[in-house]
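Number of protein chains: 2
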Amino acid sequence: MGADSVGVVNTQTVRLFDSANPLRLESGAELSPVDVAYETYGTLNADRSNAIFICHALTGDAHAAGWHLGDKHPGWWDTMIGPGKPVDTNRFYVIVPNLLGGCQGTTGPASPRGGDGPAYGLDFPILMMDDLVRVHRALMAYLGVERLYAAMGGSLGGMQVLQWALETPEQMERAIVIAASSRLTAQNIAFSAVARKAIMSDPGFRGGRYAQEGDNPDTGLATARMLAHITYLSEDALSEKFGREPQFSESNPGFGVDFAVESYLDYQGESFVERFDALSYLYLTRVMDYFDPLGSDNATDAIGANPVNWLLISFDTDWRFGDEHTRRILRALERAEQPVTYRMVPSKWGHDSFLLEVPRYLETVEAFLGRPL
Amino acid sequence: MGADSVGVVNTQTVRLFDSANPLRLESGAELSPVDVAYETYGTLNADRSNAIFICHALTGDAHAAGWHLGDKHPGWWDTMIGPGKPVDTNRFYVIVPNLLGGCQGTTGPASPRGGDGPAYGLDFPILMMDDLVRVHRALMAYLGVERLYAAMGGSLGGMQVLQWALETPEQMERAIVIAASSRLTAQNIAFSAVARKAIMSDPGFRGGRYAQEGDNPDTGLATARMLAHITYLSEDALSEKFGREPQFSESNPGFGVDFAVESYLDYQGESFVERFDALSYLYLTRVMDYFDPLGSDNATDAIGANPVNWLLISFDTDWRFGDEHTRRILRALERAEQPVTYRMVPSKWGHDSFLLEVPRYLETVEAFLGRPL
Chain P
931 MGADSVGVVN TQTVRLFDSA NPLRLESGAE LSPVDVAYET YGTLNADRSN AIFICHALTG
991 DAHAAGWHLG DKHPGWWDTM IGPGKPVDTN RFYVIVPNLL GGCQGTTGPA SPRGGDGPAY
1051 GLDFPILMMD DLVRVHRALM AYLGVERLYA AMGGSLGGMQ VLQWALETPE QMERAIVIAA
1111 SSRLTAQNIA FSAVARKAIM SDPGFRGGRY AQEGDNPDTG LATARMLAHI TYLSEDALSE
1171 KFGREPQFSE SNPGFGVDFA VESYLDYQGE SFVERFDALS YLYLTRVMDY FDPLGSDNAT
1231 DAIGANPVNW LLISFDTDWR FGDEHTRRIL RALERAEQPV TYRMVPSKWG HDSFLLEVPR
1291 YLETVEAFLG RPL
Chain G
931 MGADSVGVVN TQTVRLFDSA NPLRLESGAE LSPVDVAYET YGTLNADRSN AIFICHALTG
991 DAHAAGWHLG DKHPGWWDTM IGPGKPVDTN RFYVIVPNLL GGCQGTTGPA SPRGGDGPAY
1051 GLDFPILMMD DLVRVHRALM AYLGVERLYA AMGGSLGGMQ VLQWALETPE QMERAIVIAA
1111 SSRLTAQNIA FSAVARKAIM SDPGFRGGRY AQEGDNPDTG LATARMLAHI TYLSEDALSE
1171 KFGREPQFSE SNPGFGVDFA VESYLDYQGE SFVERFDALS YLYLTRVMDY FDPLGSDNAT
1231 DAIGANPVNW LLISFDTDWR FGDEHTRRIL RALERAEQPV TYRMVPSKWG HDSFLLEVPR
1291 YLETVEAFLG RPL
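As given, the protein sequences belong to chains P and G, one line each in that order.
Basically our numbering = 1-based index in the first sequence + 930.
Basically our numbering = 1-based index in the second sequence + 930.
Excised from the complex, chain P in its bound form (with noise of 0.2 Å):
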């Protein structure tokens, strides 16, 4: 455990939602009951003004800093999340829940429907970015928090930050949307229609009733992540960790794994579907495909009233929400004369950057967290 960690920490749990007060979607459908895991680090101070929201990407989880007991490795964002660390946990109170339609520990697809009953599977209902942050709002007024200090996030987690900040920006001082995208391009929505086909086509897969049926898509899914990996890797990046090397003998080529690269991408399939639900993918990709938040003229009437300090984080290397998609938001933001701070950071890992230990741009989080208003 590093000394410079927040420790041991556990997952809590609370249901936000219940059929007496079931949370209404976007769809206009009802869900209930919702319960959310979350986890949080540091201290609310008295006048509840240090609270920082974090949103996760697509398969990420609440458990994004410290060390769950027997953990062999440190939360997702241990690099961001920690005492001294750009997002302090000396300083801040820090927020992470797993967002709806996930599959470690708040509902989703997977989930016993009415709390007790068999797995929704494809009866869930589809959500939209703005379902996600209808829960992650319930979360932090049962915290007690009523403005945050920041809300942040990377990828899935930025394009959650965007639509809470223009609907509400009253419930924030800060917006931090790195390597997001507020409108998918066909490129991006091919790629993850192609993985939705590799999990439904899957036998396994029995329509979604996998999980009552005694199944898996487990083909399927590692299928599916091995291809979203390739687009989170810069094509140097992949270059530099395997070039060609083989993996095993030259001298007897087949359709196994002859190359490093195949192993590598064997390895994340196959770990992957260890941590995460098939339904949770079709779910949670639909709803990055469906996000296109500036895409009205009102857009950004809520912001005009309700100035967000925001900062937004390309990296240059990044082909699946490349720079581009960060100065399409800059450009809307600018438009709505907001306080806006935007930076390309030279990386060569590629969309996988914002989880990594990238010295400029873990600077540029902090002095813009540390700068006062």
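There are no misleading hints in this set.
Note that identical chains are pooled: a pair holds if it fits in a single copy or bridges any two copies.
Heads up, simulated DMTMM-like pairs for lysine to aspartate or glutamate below, C-alpha to C-alpha not over 25 Å straight-line:
#1 1171 with 1219
#2 1278 with 1246
#3 1171 with 1222
#4 1278 with 1165
#5 1278 with 1254
#6 1171 with 1253
#7 1278 with 1175
#8 1015 with 1296
#9 1278 with 1166
#10 1278 with 1008
#11 1278 with 1253
#12 1171 with 1287
#13 1002 with 1018
#14 1278 with 1196
The set of hints was computed from the structure by calculation and includes no laboratory data.
Mind docking chain G on chain P? Use the hints.
Quick look at chain G alone, frame taken from chain P:
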């Protein structure tokens, strides 16, 4: 039928290797019989000096130009080959075979073992680029051609030309290598690895014995094609063609085909399985993975003694085998003091540009073929 087409053509088939004269493969294995499907256009002149040999790409076939009776579309390179076209059939004699390991008439893993047994399946020997070229040489000899006016091809086709010219440069005056690579990157290999996984994990694959067992891995093959197809087009081309146009009602979202780009990919996948074999996909993608003809110190010794006139073409938006792949070949040829013409052609369509009507590209090929040595 276009007035500038070679007209109605037929695919021929010839047995080039048999049990008395088996094909000796790079791996040491022997293969027989080897039948080759091919088409020719134009007329071989008296001194047999006007032959152009076309090598096709991963999913191409011998039908490059003109029309088969009943066809809705002409051959796959009808923009390039025909009367008055860059490969002018009034002037040149054009030879186009289906490649070894393919599934359009030439012997491949779906062919009957020994000519009359069950399909080879995964017992088909692993192929290397040189094996494909050995069969090309045999076809050329069969057709009475000792030296080619030019060999040309795009993508995997260009890789065959590169291998051929490096090994027996005395067999060609000109080599045209388009949107090709001398050495796949880790990312290139990774995309193919995921495509192969989709095929091999389809239960219908049945360990490669699907033909005998009356099954098929069409779903996996369609997924593989959808994935590959994303990499054949530039991100801008996909955006321009499809944007984020919804395909069906936005009021009824789900996991089917909600965006036009999804419908397009579905169509690509479904139409592909009607014309292509999953085992050929495995074998031919592996040929590309292993390809590295410039990796040895003596790679260019043969062309040093027998210079070939080279034309190397890349497309600026190609992100599968982009310009850096072509420039790697260029540097090796320049070090070997070869006469080489290099062009990076602007085209918004990405890798697929080599198959499309891109005027500057077609003009470049025409000028190169028309130029006296």
